[in-house]
Amino acid sequence: MTSPRTISFEIFRYDPQDPNDKPKMVTYEITEAPGMTVFIALNLLREQQDPSLQFDFVCRAGICGSCAMVINGKPTLACRTLTANFPDGKIKLMPLPGFELIGDLSVNTGKFMRELAERLQLWLQPDANDIDIHRLESPMDPAEAAKLYELERCVECGVCVSACATKQMKDSFVGAVGMMKIARFEMDSRDTRSAEDFYHVIGNQDGVFGCMTLLGCQDACPKDLPHMQQIAYLRRKMAQTIVSC
Amino acid sequence: MKIIYTDSLVVGAGLAGLRVAIASKERGLDTVVLSLIPAKRSHSAAAQGGMQASLGNTVKGMGDDEDVHFQDTVKGSDWGCDQDVARMFAHCAPKAVRELANWGVPWSRITAGDRQVVVNAEKVTITEAEKAHGLINARDFGGTKKWRTCYTADGTGHSLLYAVDNKAIEMDIPVHERIEALSLIHDGKRCHGVIARCLVTGELRAYIGKSTTIATGGYGRIYEVSTNAIICEGIGQALALDTGVATLGNMEAVQFHPTAIVPVGILTTEGCRGDGGLLRDKDGHRFMPDYEPEKKELASRDVVSRRMTEHMRKGKGVDSPYGPHLWLDITLLGRKHVETNLREVKEICENFLGIDPAKDWIPVRPTQHYSMGGIRTNATGESPQLAGLFSVGEAACWDMHGFNRLGGNSLAETVVGGMIIGKYVADYCEKNTLEINTQVIDNSMSKLQAEIDDLLVGDGTENVFEIKLAMQRIMMDYVGIFRNGIELEKAITELKDLLQRSKNIGLKCKKRHANPELVEALRVPRMLRVALTVACGANARTESRGAHAREDYPQRNDKEWLNRTLSTWPNENALEPTLSYEQLDVMKMELPPGYRGYGNDNAVAHPDTAKRETQIADILAELGDDADRYDKQAAIMPFDLPETLRPRNERLSDTIAVSGEK
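One line per chain: the protein sequences are A and B, in this order. In terms of the UniProt record's numbering, the first sequence has 230 at position 230, counting the first letter as 1, and numbering is strictly consecutive. In terms of the UniProt record's numbering, the second sequence has 378 at position 378, counting the first letter as 1, and numbering is strictly consecutive.
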């Protein structure tokens, strides 16, 4: 049996609340274990080397979307990134760009997503008169339900936002996460909003017509959501709205 | 001193907490939710397989109703649950599912006509009714008579949490993120709110509410390996325990899920077996029928976990560097099924195991999964000791689960319990005024401030991470699936030693703001007190019931132990909790204790059981032949609900004549 290798983590460190602190990269070394993920490694570093190290994990199973960070240049979920995937044993961790930095690798995606939801009204808007919870529910096409679930798998990790060149240049751009959610409600037969209603929200440079189609979102999405298809779908939908007016 | 006032204060922004917040806001109450993390990241999102509700739309659910769901739940609990609560729950579960459909959940729907399913390792064709087309589907889960678990693929918790949080956003309910409640403000009779610490700035704040609802989930992370999110550390239970007044119920009732992946302990849903997946040993042998010929892989969770452990102890486990495991085989379901209905499982297998579950078997082992115990409440969700303190969801011992929870009943409890208790919380807020005693607030604040100061400027020498790991390993080794007096005594002695040592924690990182080591140092002593309630409760309970399995006391003993363990911590310097017991009254039960249907029927009967059975027979005889199931139920065990939730549930079977057996 070969002895386990030593891997090195070069980690962005900065505490924005400390007026004397400056952003820097700090290198740590750790002995690799079989099946080690960045989640496991970061916790060991905190427990054994530097207890001030800040990062966010919740489910550690790729479900909750808390732990997105830039790993060797690519934004992705840290909890399910295996250290074994890096043959040279060098791993560089940076916080996700495009979000408020809390400290080190921790960023405020929660605030961003809540504001986005409020701005785009990302909730189902059904016919208020249509509900009696004691009676048989309204039927829905089984294929539609399956399709909606596929689009709803977004975990709001923020990877698409950090991978988006448009978003980096234009802060008000809604990003792939916003458009994916709009597409999800637009397709939902229970939602009473029309294409025209959605046009007012995303039929502009901050929405579908601002996208430069570089599709970093599609490449980096950890849930493999069909961003390209949905952005194209929404563009056609929004364009039809103008034509039909 | 920063004080924030509200009407309905909710701690925890998972499904249960958000649902209570929505119920409060619906009544025009000012509502604030505190959360360690953004709401949508809560552990509710990890629930995969679905929630139970007796809609009875699918042909395999025909004949299902509240009565059957109630009976399954009580049997599943090994008669440890509160039957009134189980009734309230079963009655409202279909309402919650239908409400959620209107909030955006894309429930999987039924396609009329033939479809192929796998039952007992064989492909079977079932035919769904024309009238069922487009109605909400259900899958099979363990310990249930009918197919009752409503789902969205295997991301049900995710869909529900997103829909409910979206509703909360629509209603403009503020969620204060990265805020940790660390103590309750109370005067020994009424709870007034919490003292909380901002995890970013380190600021301490008092949140004052008419009602305070704790919805912080379970305490799985007192174990080293758990399916739970890493934030499920039992701090909510510690909040109540540390009052010295409020009680925790049945803390020793801890569920181990049969199929978490090895070694990391991430869950693969019970839906895998519900949909037809099998458990195999190192020889590829399907062993569950040898132990449980009737229910096989779909016996109750506690039973399957024990059988798997037994089988591995016989040397039938697959050896691995992480100890023995067994196999979960879902290859027989076919790729299409795996990639649509079990796609989160597939993703987990790919990312954490590097395997394709449509063609490879999954290495699994029973793993800590759920806390049946929690903050003891009455049927309205309120603490019997501290007025204004409510608890809901996994955090609570509302007690619909007793000593074992059925799969699909936890996700259901969050939204159904939230729906019911939310109304009682709102009632409480309407009837009571805000009581503000700044001295009481100041005392609580000063106490927490002193605790933090001691940690930051004190000369402690103990390493908090080492103490935490030691606690987690004790719980794994001595308070696991099978328990015995010798090991439990050892656990208690060692946990007490750790609790003593935790008074001498020293920190390397001295920052007052964002300081992960300080966060741990505040949590670990609280976790230790919670762990001690589990170990002490388990040691005292000299019987086996549900998930609490004593090797030295293998019988369920209704004669002596048909009760609920209550833990308090009246003396803050003590090293163990004070235990007392709340008797369950057989004479009030709708379903008196009986045989659960697994293994030998070796329970020691309660003296009232036969008496109550005769009484029920008399009540039914007196009702006469005209009585329908609602009349019978009401005559045997009337239960209360908020008025708007009382109407009966309509079912497909009310509109068409149908029949079906599972």
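No lab work stands behind these hints, which were simulated from the structure alone. Worth double-checking, as some hints may not be accurate.
[Unchecked claim] Quick list of the computed label-pair ranges, beta carbon to beta carbon: (1) T2/A / A450/B: 50 to 56 Å; (2) M171/B / S172/A: 52 to 58 Å; (3) E118/A / D290/B: 33 to 39 Å; (4) P4/A / V457/B: 35 to 41 Å; (5) K189/B / S172/A: 47 to 53 Å; (6) A128/A / D290/B: 53 to 59 Å; (7) T27/A / T201/B: 25 to 31 Å; (8) E196/A / K431/B: 53 to 59 Å; (9) G284/B / E196/A: 55 to 61 Å.
[Stated by the list, open to error] As a list, the in silico SDA-like pairs of lysine to any residue whose alpha-carbon atoms are at most 20 Å apart: (10) K508/B / R46/A; (11) K25/B / K223/A; (12) K223/A / T340/B; (13) K131/B / G73/A; (14) K223/A / K431/B; (15) K503/B / A450/B; (16) K336/B / R46/A; (17) K223/A / P638/B; (18) K511/B / D15/A; (19) K131/B / D15/A; (20) K510/B / R46/A; (21) K431/B / P384/B; (22) K111/A / H176/B; (23) K611/B / P570/B.
Where is the CB? At the ideal position from N, CA and C, for every residue including glycine.
Results of checking the hints against the structure:
| no. | hint | result |
| --- | --- | --- |
| 1 | T2/A / A450/B: 50 to 56 Å | holds, 52 Å |
| 2 | M171/B / S172/A: 52 to 58 Å | violated, 25 Å |
| 3 | E118/A / D290/B: 33 to 39 Å | violated, 56 Å |
| 4 | P4/A / V457/B: 35 to 41 Å | holds, 39 Å |
| 5 | K189/B / S172/A: 47 to 53 Å | holds, 52 Å |
| 6 | A128/A / D290/B: 53 to 59 Å | holds, 55 Å |
| 7 | T27/A / T201/B: 25 to 31 Å | holds, 29 Å |
| 8 | E196/A / K431/B: 53 to 59 Å | violated, 46 Å |
| 9 | G284/B / E196/A: 55 to 61 Å | holds, 59 Å |
| 10 | K508/B / R46/A | holds, 11 Å |
| 11 | K25/B / K223/A | violated, 34 Å |
| 12 | K223/A / T340/B | holds, 14 Å |
| 13 | K131/B / G73/A | violated, 54 Å |
| 14 | K223/A / K431/B | violated, 47 Å |
| 15 | K503/B / A450/B | holds, 13 Å |
| 16 | K336/B / R46/A | violated, 42 Å |
| 17 | K223/A / P638/B | violated, 48 Å |
| 18 | K511/B / D15/A | holds, 11 Å |
| 19 | K131/B / D15/A | violated, 61 Å |
| 20 | K510/B / R46/A | holds, 14 Å |
| 21 | K431/B / P384/B | holds, 17 Å |
| 22 | K111/A / H176/B | holds, 10 Å |
| 23 | K611/B / P570/B | violated, 38 Å |
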